[in-house]
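K.L.:
Following the hints, put chain H in place on chain C, whose structure we already have.
Protein chains in written order, with our numbering: chain C, 19 to 445; chain H, 19 to 445.
Everything labelled a hint here was simulated from the structure, so no lab data went into it. Since the structure is predicted, the reported quantities are computational estimates derived from the model, not experimental observations. Don't take each hint at face value.
[Said to hold, decoys possible] Computed from the model, here is a short list of chain H residues facing chain C with C-beta under 10 Å:
hint : residue
1    : Y126
2    : H131
3    : R160
4    : A281
[Unchecked claim] Calculated cross-link-like contacts (lysine-lysine; reagent style DSS-like; alpha-carbon spacing at most 25 Å):
hint : chain 1 : residue 1 : chain 2 : residue 2
5    : C       : K148      : H       : K300
6    : C       : K148      : H       : K145
7    : C       : K226      : C       : K261
8    : C       : K404      : C       : K185
9    : H       : K300      : C       : K150
Ideal Cβ positions, reconstructed from N, Cα and C, are used throughout, including at glycine.
Protein chains: 2
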Amino acid sequence: MKAYKDMDKNELLALKEELSGAYEAVKRKGLSLNMARGKPSDEQLDLSMGLLDVVNSGMKVVAADGIDCRNYGEMDGIYEAKKLLADMVGLPPENMIVCGSSSLSIMYDTVSHAYALGVNGNTPWCKQEKVKFLCPVPGYDRHFAITESFGIEMINIPLYQDGPDMKLVKEYVETDPAVKGIWCVPKYSNPTGCTYSDEVVRAFAALKPAAPDFRIFWDNAYAIHDLYDNGGDQLLNIMDECKKAGNENLAFVFCSTSKVTFAGGGIAGIASSPENAEWFRKTLAIRTIGYDKINQLRHALHFGGIEGMKKRMAEHAAIIRPKFEAVYECFDRELAGLEIGTWTKPNGGYFISFDALEGCAKNIVAKCKEAGMVTTGAGATFPYKKDPKDQNIRIAPTFPSLQDIKTAAELFALCVKLCSVEKLLEE
Amino acid sequence: MKAYKDMDKNELLALKEELSGAYEAVKRKGLSLNMARGKPSDEQLDLSMGLLDVVNSGMKVVAADGIDCRNYGEMDGIYEAKKLLADMVGLPPENMIVCGSSSLSIMYDTVSHAYALGVNGNTPWCKQEKVKFLCPVPGYDRHFAITESFGIEMINIPLYQDGPDMKLVKEYVETDPAVKGIWCVPKYSNPTGCTYSDEVVRAFAALKPAAPDFRIFWDNAYAIHDLYDNGGDQLLNIMDECKKAGNENLAFVFCSTSKVTFAGGGIAGIASSPENAEWFRKTLAIRTIGYDKINQLRHALHFGGIEGMKKRMAEHAAIIRPKFEAVYECFDRELAGLEIGTWTKPNGGYFISFDALEGCAKNIVAKCKEAGMVTTGAGATFPYKKDPKDQNIRIAPTFPSLQDIKTAAELFALCVKLCSVEKLLEE
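If we strip away everything but chain C, and leave its shape as in the complex, we get (with noise of 0.2 Å):
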């Protein structure tokens, strides 16, 4: 296989020729095919039916404790909820927050909250001249567009295999007393699946804040979301390490079972040490009386506990692991040598990124989509959605079909094969 970098002129404007005629003929078959959003598929959702017979008309609808779920009250969650969802990413359920179904919301209440309020009594941030967050980058659209719509500044920092560059983020952290808060997906990293290592997690406890309201937002988004059954990435366990380094405040923990249940109606928590758990819940006091502890109660007698957990999260992996290696055979088959493309596989989680040369991401996108193909825009992955190397692009698997896959796949390797060519030959 010839890297594209090393042909001629001529061998690429043959190429071309060709890849045209490829990518023509499959405009043609008029295809319909979506890999933009991180969704589970209809089969995945299937297997977590039971949950909605769990609790009927003909049960009392209490929790262990006694309590009536379909009155008022509980404002945090019933216990065995808590327990459910502090299981899922190794922490105490004593401060464990379930608020709702959406974990991307009680995120930005957190933003909000500490906008409006001020975190813990401080300063509210909206009373403060200057905010600003760091984003590792690629990184979660919708994390970002929280940020920016607070009018908070966002500073990229790289992103590697082994989690954010430490180095940078200890630098603006330590010095810029308007650096606030830093979004982190630290296991199976949407969208590049990298898991941060323990070193990394280590230096995030460590960090001495120029802000004592500088919170790690810690979107612990795949906790156990593995791939493969060998037990998968191991991340550190960022409030035992806060502790440790004598740093207990320093993180908000966030989970959800958008993606263990139902993406529309799963339950969510904030995890936090007792200090920022009780100022959550302070501001959580104003907002609700409580929320939907039916919906909680489904979950805890559907899983029992977290072991029921783990093991549907095993039968979510036999579906879509077979996605995500019908796309690596295919980039593998494609791409592999030519030099115009890298691409993550990563062991866990919902997404594979891939960085085309600079300045083709836009393009492969367009021509994506030309064909029949949605994907994320390019751009998405950063803040302001302004890739300043125009190059990556995130890919998600898991909603079509293993067929759909297999031809989105294939016609995202032409098009990256044809922006590349078209890009070499205007250099």
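P.N.:
For chain H alone, coordinates are given in the frame of chain C:
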């Protein structure tokens, strides 16, 4: 029956001794009663148990238009849930946005968005020097807690039998650009149970606010919560009236099924003009990918439409009406003619409002508590928990059993008498 104020000192002293004896006797019973919060009773919750079975594993969990309710998306709700809530408050479904299970949370988020991000492109409230809200009193403590938490200055507005003092409202709203909102429970108001007259609703709709970002927070919590089957109080449709007055963007309307199905697991919504709804959707899109659509589907299927919901409300009324009437019967029997208190007899809603002699509310609440009965705290129905005349007490008769309500009403009346005598003896 002789009015206490017409008694001389000796009469009062004799009465005090008699009442004190009765009170000590009640205390010895070791009662445990709670009339503090507007919670539905177990019997009421039992009415909706069918809600738990209507979506189950034997069916496709899809909305009428085919949307899979188990997956992400449909941020503002499935159509049939929008329609159900819209019919509840007499509005078109297009601008109803169904969000989670708590209307209180939606109100919080509306204030929060206005505070941090600004209403419809106006300067965020947090960037304005002063923000004020008008608060008809007595009112709902959780409303006041929201505005208080954002540091918004609250101004008391007298609430009469036909609604707030509109002359005062108009004066504040039309002259002071710092006045950004007003809290309203327009039907079966919490706690007085009054319903705003047509004239009052029209006066609201005709307001010409000094602030472009002034909004009416119209919490129509008891829209279909009649106690009697005579059709109930009639409330003009605020959105229609605003439109007629050329003031389409003036009001946000909130509603929920917390007191129709389950207080811990209903559905809730916000409705407004197309422009306001668009603003709310835009901020919402940052906060969530979508709320629990499975629970929306449950509600839609369980009721089949607004008529099913109204039938349920008649069943609720049959349970709680005797509780309200037991309180009236006791108060009429024990307090009428004594001129030591007045109380409301609403046609719907969840509360009775009691006005004691000035300076007596705190003492009455304390006396009740000492004898084992919790009521809503004195002052709770006013901003900053400060009842300037210390006279209003909210009574919530729905949760306890009928027998407990009867016992509680007797104890309450006794405490009113005792505190009134003590008060008159002080003078």
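K.L.:
Please go over all the hints and tell whether each is borne out by the structure.
P.N.:
A quick look at each hint next to the structure:
1. Y126: With Cβ-Cβ at 4 Å, under 10 Å, it holds.
2. H131: holds, 9 Å
3. R160: holds, 8 Å
4. A281: Holds. Min distance 4 Å.
5. C:K148 - H:K300: Since the Cα atoms of K148 of chain C and K300 of chain H sit roughly 24 Å apart, the hinted pair holds (cutoff 25 Å).
6. C:K148 - H:K145: holds, 13 Å
7. C:K226 - C:K261: Status holds; Cα separation ~13 Å.
8. C:K404 - C:K185: holds, 23 Å
9. H:K300 - C:K150: Cα-Cα ~23 Å, so holds.
Checked against the numbered hints listed earlier, the structure breaks none of them; every hint is satisfied.
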